[in-house]
Structure formats: structure tokens, C-alpha cells
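Colleague: Quick note, the sequences are listed as chains U and D, same order. Quick note: the first sequence, position 208, residue 208 per the working numbering, numbers continuous. Quick note: the second sequence, position 146, residue 146 per the working numbering, numbers continuous.
Honestly, the hints are just simulated from the structure, not real lab data. Heads up, a few of these hints could be off.
Stated by the list, open to error - Below, a list of computed lysine-lysine pairs in the DSS-like style, where the Cα atoms sit at most 30 Å apart:
| hint | chain 1 | residue 1 | chain 2 | residue 2 |
| --- | --- | --- | --- | --- |
| 1 | D | K217 | U | K115 |
| 2 | D | K191 | D | K31 |
| 3 | U | K115 | D | K20 |
| 4 | D | K31 | D | K217 |
| 5 | D | K229 | U | K115 |
| 6 | D | K293 | D | K350 |
This is what each chain is made of:
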Amino acid sequence: MEGVIGFFQYFWDIREMVFVLTVRHAWMALAGVALGTLTAVPIGILISRKPRAGNVVIDLAGMLYTIPSLALLGFLLPFMGLGWLPTITALVIYSWLPVLRNTVTGILGVDPAAKEAAKGMGATPYQLLINVELPMALPVIMAAIRTVAVLTVGITVMGALVGARGLGELIFQGISMMNNWTILAGTIPVSIMALLFDYLLGRLERRLKVVTSSA
Amino acid sequence: MTREISVELQKVSKLYGQDKVVDEVSFTVEKGEVFVMIGPSGCGKTTTLKMINQLIPHSSGNILVNGTDVAELDVVELRRSIGYVIQYIGLLPHLTIQENIAFVLKLTKHPKKMQKDRAEELIETVGLPLNYLNRYPRELSGGQQQRVGVARALAANPDILLMDEPFGAVDPLTREQLQNELLRLQESIQKTIVFVTHDMQEAFKVGNRIGILRQGKLVCLGTPMEIVKSDDEFVKNFIGQGALFEVFDTIPVTRVLQKDFPTARYDQKVDLQAEELEDWENVFIIDSDDSCKGYIPLSSLNSDGSYTADQIIPLPKASSPDISVKLAVQEMLWGGRTWLPIVDEKSGFKGIVQFRSCAGLVAGDRR
Numbered sequence: 001m002e003g004v005i006g007f008f009q010y011f012w013d014i015r016e017m018v019f020v021l022t023v024r025h026a027w028m029a030l031a032g033v034a035l036g037t038l039t040a041v042p043i044g045i046l047i048s049r050k051p052r053a054g055n056v057v058i059d060l061a062g063m064l065y066t067i068p069s070l071a072l073l074g075f076l077l078p079f080m081g082l083g084w085l086p087t088i089t090a091l092v093i094y095s096w097l098p099v100l101r102n103t104v105t106g107i108l109g110v111d112p113a114a115k116e117a118a119k120g121m122g123a124t125p126y127q128l129l130i131n132v133e134l135p136m137a138l139p140v141i142m143a144a145i146r147t148v149a150v151l152t153v154g155i156t157v158m159g160a161l162v163g164a165r166g167l168g169e170l171i172f173q174g175i176s177m178m179n180n181w182t183i184l185a186g187t188i189p190v191s192i193m194a195l196l197f198d199y200l201l202g203r204l205e206r207r208l209k210v211v212t213s214s215a
Numbered sequence: 001m002t003r004e005i006s007v008e009l010q011k012v013s014k015l016y017g018q019d020k021v022v023d024e025v026s027f028t029v030e031k032g033e034v035f036v037m038i039g040p041s042g043c044g045k046t047t048t049l050k051m052i053n054q055l056i057p058h059s060s061g062n063i064l065v066n067g068t069d070v071a072e073l074d075v076v077e078l079r080r081s082i083g084y085v086i087q088y089i090g091l092l093p094h095l096t097i098q099e100n101i102a103f104v105l106k107l108t109k110h111p112k113k114m115q116k117d118r119a120e121e122l123i124e125t126v127g128l129p130l131n132y133l134n135r136y137p138r139e140l141s142g143g144q145q146q147r148v149g150v151a152r153a154l155a156a157n158p159d160i161l162l163m164d165e166p167f168g169a170v171d172p173l174t175r176e177q178l179q180n181e182l183l184r185l186q187e188s189i190q191k192t193i194v195f196v197t198h199d200m201q202e203a204f205k206v207g208n209r210i211g212i213l214r215q216g217k218l219v220c221l222g223t224p225m226e227i228v229k230s231d232d233e234f235v236k237n238f239i240g241q242g243a244l245f246e247v248f249d250t251i252p253v254t255r256v257l258q259k260d261f262p263t264a265r266y267d268q269k270v271d272l273q274a275e276e277l278e279d280w281e282n283v284f285i286i287d288s289d290d291s292c293k294g295y296i297p298l299s300s301l302n303s304d305g306s307y308t309a310d311q312i313i314p315l316p317k318a319s320s321p322d323i324s325v326k327l328a329v330q331e332m333l334w335g336g337r338t339w340l341p342i343v344d345e346k347s348g349f350k351g352i353v354q355f356r357s358c359a360g361l362v363a364g365d366r367r
């Protein structure tokens, strides 16, 4: 019991630093998810038109995905230096595989009858994409984005090793000083952030469904 | 009489590599006609249909829609001007029924208000309640979904409808209901319909003319009666032996109904010299209130044409004018007679159907 109170006392003492690091952590993670999605969804749409060439792209993303985060950061370091840039770049690279794969799966999985009917009624390729394929693939794409969001909040922790200054800073500091309170002060906000992102994206998904169905 | 031609195919072929799936098919579809393409699976009927709206581009030949070669038209514009109904319906699950019906109008950027009005109008046309407009496709049964599919095809008020096995995925009872509704609807909208099916009974029922395809070739083309009378072995096998009765089932009895038949006023002699007695075995006795009292076989009349009241045989059970020739023939067979009186519940005695006139439908001396 004393320990718990002691931890809260400690947490309160360093609250300003935790706050600054949380904000930094959050925007880096968000930027990673956003840039990853913005690059992977259009590429996914493109390669869904040419599934054979698409497999090459997905294999490539898969290879990048298997690189351990520490190694990837180390590899990016000479090109990008220290700080947020290599961190966000790594996040974008890790988000590619799930989002690409689900975008392709989602679009290829759209009911062929719905596509044929829409085409037969005179939908242009663009109208088909906007009115039929994307809305119908949305649940599958959103599932990937939610997975990536949780993943990204975790990987951002590693950014602390290249001076990105996220909550990872507290965690690594705690490890090196063998101070569990410091580790917890970094870990708890990371966990809450991951859950919060997942929840918010879930709400966004429902909103999008309403928008696409009333447009 | 020349009639306007809505769709014309001139030696149209489709090749997939070396495979000729459609082989120099030619036919014309007149305005307001229901043209049915039928054949075993893989005969090229659906491919032929999809070449009309260019969902599948043709390899050679010409396809004319309302007189214009489709090669000269923008495919998007072409498709928007033609209604399209498919077997698996393909409603968009994320859109309400209203948005589904008005989908073409949305593509062509018509105002929201107009989309809504048109959806309201069309859902009634296809016989669904107005409050279904706010539902989603998954909340409807298969038959209801296909009605929405038909309403959607009518949204832009096209002259031509392409229907690809539209009732193939619903149960037989619903199918019959949808066929009847299509016929009823067609009476008021008078669209040109190109209809693909593999069900011969459906073809006879909805088609004004039928084209039978086999291995990409059009092997037989004509009205249901012409198809039934075909000598082609393949066609004979394909349509089956009972086909004549199926055609008879689609012909209303009013086509062979004779309104002029020999009558005599009750209490008056029958004029045996009258020309109208020719070809008839019976004379019908009309009462003072114009109702039919019954009939007397000519052979049982006295030589001067007189008769007594007890010679009058009451009319057999009459049928309604709504029945088909098939039912009329069946009634005759049940009654052991070669004729059948037709009586309308409201307006009374309509006339007589003779077996001879039904047989004449096949011989072709009466249409």
C-alpha cells in the first residue's frame, strides 16, 4: 500500500516531464499512423488492380516489417540523424504491411455483384472506388489501421534510443537505474494511449460508416 | 408496318483467345418488346447481353442501341441510359434502399430532392411499402431485394432494360410472383427488355420473342409458338416435350374467344338456314334478359328448327376470361366437351372457346 502511495507521490513530482513526453509520444505515434495510412491506402488501391505486381510490393513491405525496430532505427540513423525523423520513418515503414495487405484484401473482397451492378449502371472507375469499393472495404482497412495504431504507440518507445524523446525516455532511464517507478511512469501512459487510440479509431470507423452511407 | 428498333446486333462475335464464345449473333429487338435469350450454361447468352451495355467489349460485328453504334458512344453514358438487373442483385449494403434505388441519379449528380422523390415513386411501382426506403438491403428478403433491383434499374427512366437471370436466385414461388409483376409492370411502362434466362417456362412466360443460343450461335429465333414448332432437334430437346402447353399457358383465352356464336331467342324457332350455324354443333338459347339459358345440339332440333323447353341443356360450368388457353383446354378435357363457355363475373356471358380455335393457334391460321 505504501508503495502505491509512494509511486503516486513520485509520479506527481515528475508530472510535468511525463506530460511533455506524453504529448511528444502521442504526436509522433499519430504522425506515424497518419503518414503510414496515407501512403499505404493509395498504394494498396493501386496494387489491388494488379494483384500479381501487388504481391511483390506486399512481399517487400513484409521484409521491412521483419526488421527488428532497434536495427531499423540504427540503419536510419546515418541518413536521418537523431530525433523524431528516424522514429516517425520507422513507424511509417512498420504500418505499411498491415494497411497495404488489408486494403488489397478489402478491395478484392468487395462483392463482385455490387461492383458489376454499379459498373452496369454507369459508374466511372473513380465513382466505383469512392461509392462502392472503399466504403465496402472500409471495415477491413480500419481493422488494420487500429492494429497499426496500437503497434505504433509501442514502437515509438524505441525512438528514445535515437533521441526522439517520447515516453521511452522514462522507460529506458528506469531500466538503466533499475528504478521500477520510473519504468511504470513511462509504461502506464503508453498503455493508456494505445487503448485510447484504438477506442477513438473505433468511433471514427462508426462515424465514417454513417457518412459513407448518407452521402 | 415498320416498328422502331431499339437494339440491333449485326454478326456480333466475342473471342477469348481462340475461343469463340459468341459466334456471329444477329438479331433485332423492337421497341417495347421483351426479347429473351436462352440456352444451356456456357452458350454465350450472358456474354451477349453484357456486350449490349459494353460490360464486355465485343470482338467484331456491330451493336446498335437506338440506332447508334455503341462503338461511337461513351460507355459510361451508354450504361447510364440502359437499366441493368442481375441475378445476384448487387445492392450496395452500406446504402439505404432509397440510396440504392437512386444510385444512378447520384452518379449523374441529380439534386437530392429529386433522388428522394424518384425513389418514393419507384418503390411504389415495384410494390414495396414506402417505409422500406430507410432500411438497409440486409433487412429485406431475396424477393424484396430483387424488386429494389428492378426499381434501381428504372431510376433514370431508361428505354431499354437488360435483365440477366433476374429471378434466378429466388425460390420458385417468389419467382412466379416476380414474373407476374414484371408482366404487369411492362404493360404500363412498355420498356424494351432484353432478358436472359435458362428457364424455358420463364422464357415462354415473359418473352414476346425468344432466341435460343447454343455454343455461341443463335440457333432459333421466334415467338414462343414458332419456337415450339421448330423442327431443330437441339431446340426440340432443349424446350422439352410439354412445351406446347407451357406456351398455351401464356396465351390468354381471350385470344381464341368467339363472341359471335349461333343464338336463338327463347320460345323462337332456330333458323336452320342461317349462315352462322356453319361449323357449330350447338345453338345457344338466349333469354329475354340476355342471359344464356343453355344450349341445344343442332342434331336434336326438330326439322323445322323448333324445340321444347326440356331439350335445352343447361350450360356447363363456365370459366373466367382471365384464364389461359392451357386452362381452357384442360377444362374442356375435364368436361369431355370440345367447347367452353366463358363468363365474366361482372359483365356476364362473354362467349365460347372452341377446341378447334385452340388447335388453330398451333396451325397458325389464327393469331
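Colleague: Taking each numbered hint in turn, which are not upheld by the structure, reported in ascending numerical order?
Modeller: 5
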